[in-house]
Structures are given as C-alpha cells and as structure tokens.
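Colleague: Dock chains B and C against chain A, hints included.
Residue numbers (our numbering), protein chains in the order written: chain A, 1 to 271; chain B, 1 to 271; chain C, 1 to 271.
No false leads were slipped in.
Cut-off 27 Å, straight-line C-alpha distance, at most; resulting in silico cross-link-like pairs (DSSO-like, lysine-lysine):
#	chain 1	residue 1	chain 2	residue 2
1	A	K173	C	K21
2	A	K21	B	K173
3	B	K21	C	K173
Part of the chain A face toward chain B, derived, beta carbon under 8 Å:
#	residue
4	L30
5	S34
6	A37
7	H51
8	Q247
Since the hints were derived computationally from the structure, they do not count as laboratory data. Backbone N, C-alpha and C fix where the C-beta goes; we use that ideal spot for every residue, glycine too.
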Amino acid sequence: MNERELGRRVGGALRRIREQKPLVHHITNLVVMSETANVTLLVGALPVMAHAREEVADMVNLAGALVLNAGTLEPDWVEAMILAGRRANERGIPVVLDPVGAGATPYRTETNLRLLRELRATIVRGNAGEIGSLSGAGGVVRGVESIRGVEDPVGVAQNSARRWGAVVAITGKRDVVADGERALGVDNGHPWLTAVVGTGCMSTTLVAAFAAVEPDPLVAAAGGQACFGLAAELAAREARGPASFKQALFDALYHMTPEQLEDGARVVVLA
Amino acid sequence: MNERELGRRVGGALRRIREQKPLVHHITNLVVMSETANVTLLVGALPVMAHAREEVADMVNLAGALVLNAGTLEPDWVEAMILAGRRANERGIPVVLDPVGAGATPYRTETNLRLLRELRATIVRGNAGEIGSLSGAGGVVRGVESIRGVEDPVGVAQNSARRWGAVVAITGKRDVVADGERALGVDNGHPWLTAVVGTGCMSTTLVAAFAAVEPDPLVAAAGGQACFGLAAELAAREARGPASFKQALFDALYHMTPEQLEDGARVVVLA
Amino acid sequence: MNERELGRRVGGALRRIREQKPLVHHITNLVVMSETANVTLLVGALPVMAHAREEVADMVNLAGALVLNAGTLEPDWVEAMILAGRRANERGIPVVLDPVGAGATPYRTETNLRLLRELRATIVRGNAGEIGSLSGAGGVVRGVESIRGVEDPVGVAQNSARRWGAVVAITGKRDVVADGERALGVDNGHPWLTAVVGTGCMSTTLVAAFAAVEPDPLVAAAGGQACFGLAAELAAREARGPASFKQALFDALYHMTPEQLEDGARVVVLA
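With the rest of the complex left out, here is chain A (with noise of 0.2 Å):
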C-alpha cells in the first residue's frame, strides 16, 4: 500500500460509516461517556453506552465494533467487559482496547494484562507511558498522562502487536499503527488536543468506528486516528482555546466529507 492508496482506504471508510450506521458499543468510563457518544454519531455510526452484565452480551449481538475503555474501572465492569468482550470474540466483532491509565496503579495495569489474556483485541490503542507500561518496554504515567514516553515507539508497537496478537496504535505527535508486520505513521493532530480532556478516548471511538465497516484493523486503526486529526486541524483554525477547539473540532467531524479525509489524511507506511 502506498499513502495515496491509504488516503482512498481510509476515505472509502468513512464513507461506509455514513451508509451502515454501524452500532459501536462503549463500555467506557464516567469521565467521556458523553464525549464519546457524540463523536460516534458525528461521524456517522450510532453510539451505545450499557454495561450490565445482565445486558451486554445482548447489545453487542447488534455492534458492529465494542470499545473497551479502562478509564475508571471497577470490578463489576470489568466483568461486564469479559462478558461482552467474549461474545464480541464469538461473533468476529471487532474489540478496541483503550488501557486509560495503565501503568498508573497495580490494579489498572493488572486488569488490563488480564483483559488482554482473556479476550481477543482486534485493535489496542493508547499512548507511549500506557503502551510501555503494559508491555514491559518502559513508559511512566501518571494518573492518565503519559509522563515518560518510549524511545522506539515502532518497536515497541511492533513487539507488542505480536505478543498480543492485535494492532497496536501508540498516539503521539506521530501516531504510530503495527500489526507485528506492517507499521504506518499518522501526522495529522494538533497541540490543542492535549488540552482537552478525553481526546485519546474519543480517538479510540473513532478507530472502532472505522474497524466496524473496513476489515484490515491496520488501516481501520489509521483511519480513525486521521480523521480524528484532520479535524482537529480545521477546527484549530478557528478556535481561541481548548473548549472552543472543542466544539469546532465536533463540527468539522460532523461536516467532513470522504474526499477530505481522502486528500487530507497523513497516513504514512514505515514498514
């Protein structure tokens, strides 16, 4: 694949998005539920947020991809997560990972490392200090904040992608996506983004989207972390701070058109 074929990829997606309405089930944290169900449905795909036990494996029967946000764990959760994650496995439905925190404490670094061993990840997105942590290469985090990052967030993708037989995505100035073969690098975002609460959550929301409509998670991963930054971009434009950049950012989601993402999209293959 050369970046101009990734550019159609990643806007072909976007442009199924729009036409299949795909149900992305979040059980996610308290913190994003609004955030992330917004996004959802501005780029097109329908939101659920449930996490009962009594309900989950129900809801995502319907899903055409599950979010799995650490966030704010608690026990009961994290069953509810086993639960819908295992149905999820059954059917083929894509599951996206996000270890918020991982690194932080003892018991977010553990249950991820146990969500990873009892479940299938099609896709694990986080940043360098989550990422690091979790697979042994280093990376410090305090509370949700990636405070020392990886020096070879490639490798440590790569590395970790086999090791959890999942595409890895490490967000940073350059995002980077592995499959354990395949690495591509996204350059789109801007410095706002670290101002705003949630945006690797909603970023998360946005690469299940596209993992629920385009069956290579490599390129699904890719996807969904380039449009999340082209419109972060746009929206810079006319924002004169985090909570303004917000709002525009939610707009120029809602307004973006698949021949933007197409043109606009910095998806780079580094191997």
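Modeller: Okay, now just chains B and C, sitting in the frame of chain A:
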C-alpha cells in the same frame, strides 16, 4: 382546547417554572447527566441527580417531579428507581419515564415493563422504536436509536396510554402526545436534534419540569417538547454544526420568555 | 498579609501549578466528571478520576491533592473516599471536601459528617446551605442548591473551621474563607456562574490544584476561587448565555497568566 389556548397554557407553565423553581429529581443515565442537569437549570428549575437507595425516597420528597431514565440501567439503580417512584406515587409527585433503548435488549425491555407495572408513571416519553417495542406495536431499536418506527403513532400512543394509565409521548418529526382520549401534535424542532446525543433525554427533563407546575400531564408533555423544539429552531439559525447548535440551544433555552413560547409553540389538536 | 501580597501569592501559585503539573485525584460525582477533569487540565494540572477501592490508595500516592465530592454518593464510593482520604492524610497530601447537597437528605448530611470525622480535611468548600447544614448553623438545601444561607457567613466559617480543623470556604456573592483565626473574602465572580451546573465543583477542583502547590490552605482556597471568579468575569464579556459563557470561561482559564491573576484577584482580608 384550541391551539391558541394551548399556547397560553404552555407559556404560562414556563412562567411558573421560573417563579417556583421546582426541584427535578433525576435517576438517569451516565451519559447525559451533565446535559440534563444543565437543561433543568436553564429552563429555570433546579436539578438533582441522586441514585443511592439510602437517599432517593428522602430526595424525591423535596421534588416537584421525578425523572426515571433507563439509558444505562443496572440492578442497583433499578431498585432505586422503584423506591423513588413508589414514594413519588404516594405523594402525588409526577413521574416521567424515559425508556431509553427499550427493545434493544431483553433486559431493557423487561426492566421498563417492570417499572410500568410496579409504578404509576405520569408520562412516558420515548422514540417510536422504544414505545413500539414496549407496547408490542412493533418498532425496532438499535442501541438507543429507533431504526424502525410504528405505522400509526397516534394510535400507538393512545393504546399505550390506556394500557399504562399514563400520558404517552412519542418523539419524531411531529411529536405525538396522547392520554387515551385526547391527542396533541407538537411540530417544533430541527433535524440537528438527531445529531446530538441525549436530546431525547433533555426533552424528557423539560417535560418533567413542566409537569412539576402544570396539573394536566398532556399539556405538560406537549409544553416541554414545544419548549425544547422551539429552542432548537432558534439555535439552528446561528449554529455551524451539531456542537455549536447544542450550545446555542442551551443559551436559547435560558433566554426564552413565556411570551416567546406562547407565540412559537406549534401545538395542534389531533383528537 | 495585605491584599497586594495576597495577589502575589495566588499569582505565584498559578505559576507553580503550570510548572509542576500536580496530579489532582478526584473521587467525585457523576454529573461533573468531564467538566472538572477539563478544568484541572485547563489550569495546568493533571486530572485523574478513580473510585475503585482496589486502586484509590495507590492512585492518591501519585497525587498533589485529593478531591472528595459528595454530589452523587453511594456506599461503595464512600468507602473509597475513606480509603483514599486516609492514605492522603498519612502522606500529608491535601484533602479538599465538597459536601454537595449536604442538608438535602439525612444520608448526605450524615455521610459528609462521617467523612469529616474519619478524615482530616484540609479544606471544606461548599455553599452557605451546605456548610450551614453540616455545622448546625442553619441553612437550607433543596437538591444541591442553597435556598437559605446563614446570617453571618464569616462567623459560621470561623466556627466550622475550628470544629473541623480545616479551612472552610463558603461560596457566595462574596466567597468567604476562614481557618479559625484568619478570614479572607474573594470578590471575583459573575452571576452566570449560578446558571451553569457544577460551578461549585469546578471551584473546588481549582482550590485543590492550588492546594497542591501552596502550603497555606487559606491562601490556596482563596486563590482557587479568585482564579475561577476572574475567569468568569473575563468570559462574561463575550458570552451570549450560560452555555457560551461556560465555554468562554474554560478558554479564559487556559489563557490566564499568573500576572493576570495577580492583578485581577480581588482577595480582601476580613480578619
């Protein structure tokens, strides 16, 4: 009641909300808590979100209306809904049920039917898929979205109203409100409402605020929906996308006068 | 301390927040999680929301301050608050308690009193109804709103501060801050703050961020409130209603410089 009189009734109800500042107690979903609390405050009422079984009955004692919203159900919260709803029923405090996602999973459908069985709902407000699923009239829900409505919304609303002993409101391009004998239509609104998460829930919140001051639940249900739809119409004039629309809608709700609502409400008599 | 010196102190504290980026661990209510996390980030600190008993003590170890906010209490969360608060007390990490809705129900009042008994709060920040209810000085709360304050806020703050061994901050047109001996008033703010949900909680979050870097909790409490009130003043100039005001407030907080705060803080010595 003719349409002119209905305008006066809903305008007068808005005036009383501002004067009396009723407390609207919500046991609601995790996604829309901030938005629905803000909408309560913007229309002139006072919000409280409280779900602990240890306090819900005490809290509802202070309230002018109780919202039970099923968007992110779990068993403990359902028990709290029953406790709060029973107390509200004993005290004659209006109960507004929003069966979010009913029809999507057996758990959601059965839990909402249980609430309808064990409590006396004053008003039930949902989309056509949700009301259709609960009433057995058809309708399909994916996640929380109605993806197939019902053929005869007025008939379904009337039948459901008779069965549940409640006013039933079905939101759509034309909102339909029925009490088993009378039926009203509300033609306020804007297509962008479907691009913002939680607009159904916000509408339910307004219906509850109106029910706290207006003794006729048919008028309260129509009034809350007209008020929300009119704010949406005003907001759409200056918005550039769903996110700026949501902000403008909130500002419009805050500035809306009883006179504006009286003139702008498009409530029609259907039966 | 005179007022000029107080201005320098709070400006200097803002500078240190930006330099040190302290982690502010919140165990807070479900309504304001997104907003308070964003406010933490906007002022220059790092937010984390974590409530599982399995991790709260580990998380607070990393924190510069702990927020305990009682807005949507339930028993499991209260136990987590106790665990986190004890660890914070052992480590000398400031604990800021926001007794949201104390006085509205016996459960809220008793739980907040229990937190004050079992933990050493560094700062307690609430409205006049909440502080009045907890201290036995009067005050009436409906939901989370103070609908009757106390006659002598300075005296009530001083007495409560002595009883609880904490700095007590009572938010109002003039915020009052007292430690049992000294008392300060903060005159920054704007009426629209009462039309936005969670502004008290956001103020508490800023107080905690200031307490993470400023050893005198009286100054920290005044500084956080002055910072928030000044941002509100700046925001009101360009807002058209409470929702655009909230967005402008967030942007203003992000752009506020230590010099601006030093000049704009209106902190007066009351005792």
